[in-house]
Amino acid sequence: MYLAYSLLLAVAFVAALPLYLWRARRAGKRLPSFRERMGGAALAPHDAPSLWIHAVSVGEVLTARILIAPLKARFPAHRIFISTTTVTGRAVAERSVAGADGLFFAPFDWPTPVRKTLDRVRPALLVLVETEIWPNLIHEAHRRGVRVAVVNGRISPRSFVRYRAVRGLLSRVLAEVDLFLMQSAPHAERARQIGAPAGRIRALGNLKYDALGDARAPAELAGPLGKGAEARPLWVAGSTVAGEEEMVLTAFREVRSRKWPRSSRPRAFAPSGAARSGPRDGKATSSCSTRSVSWPASTRWPPSCSWGEA
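In the working numbering, each residue carries its 1-based index in the sequence shown increased by 107.
None of these hints come from the bench; they were simulated from the model.
Simulated restraints on C-beta separations:
1. Trp129 with Gly306: 44 to 52 Å
2. Ser278 with Ala123: 23 to 31 Å
3. Ala149 with Leu128: 15 to 23 Å
4. Ala292 with Pro152: 38 to 46 Å
5. Pro125 with Gly306: 40 to 48 Å
6. Met108 with Pro293: 22 to 30 Å
7. Val343 with Arg251: 43 to 51 Å
8. Arg265 with Gly345: 16 to 24 Å
9. Ser203 with Gly345: 18 to 26 Å
10. Ser203 with Ala349: 23 to 31 Å
11. Glu353 with Arg279: 43 to 51 Å
12. Leu128 with Met108: 24 to 32 Å
13. His153 with Ala305: 34 to 42 Å
The structure presented is a predicted model; accordingly, all values stated were derived computationally and were not measured.
A virtual CB, placed ideally from N, CA and C, is assigned to each residue, including glycine.
Please work from the sequences and hints to get the whole structure.
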């Protein structure tokens, strides 16, 4: 199975390489990551045991960042290395990840690059953030006695359909993973249905949300809303895109309550005219700024809007 998978991956790589090189040249980008992706991770030689956290892109890197401090506390003698797949993920890791002993691009999932990278990293534990299933990496790590764990695991409905179609093959790979820490019970059940051993699956919640704990009083958090706001319901439209603000405002008008303040938090910093103008039926008003504002780092929802009632 692994040989067939590697051959298919090689064919896909060769087919996509010209387009990849053309786009890189057109964008004026160099290819500094290629050596690392072929197994030449730029890590200093070391004899200490290590932990390898693989985070594909930006979202996974932000989750990986949460893991570093507790892992350092639990395994003080181990070095911690983080790999990424995307260039943007690497850039975010370089800017925001503190405490890691090294960063590198993950190897292509072929036997030789994987083995060379494992030789350099020498991990005792491989942590895959959010269900990154790389058959050769998992297989080679397992063969070497490296523990493998999926952390903050998730399987979307679309991925579930694809995975279930190859369950017979995928179950062989998942059998070599020691622990699946999934975001929720539905994700855990999907992992079981695609072949993960049931006894190794746990539903522990989403690390991204767990890390947002805020011990401040409700009155302090509700400060921007005005006096007594913590006792009132709040209507929030978060991460909206063009066209969605109008739908939110329509629904808000139907509520017809002067006691509900409204927050519109666009996904991009260019909310539509509807979001800027707010309701015009006299029931409630609010305005939205297109600029980011300073806000305490521990706040759950960084506001960009002012608040008010008619």
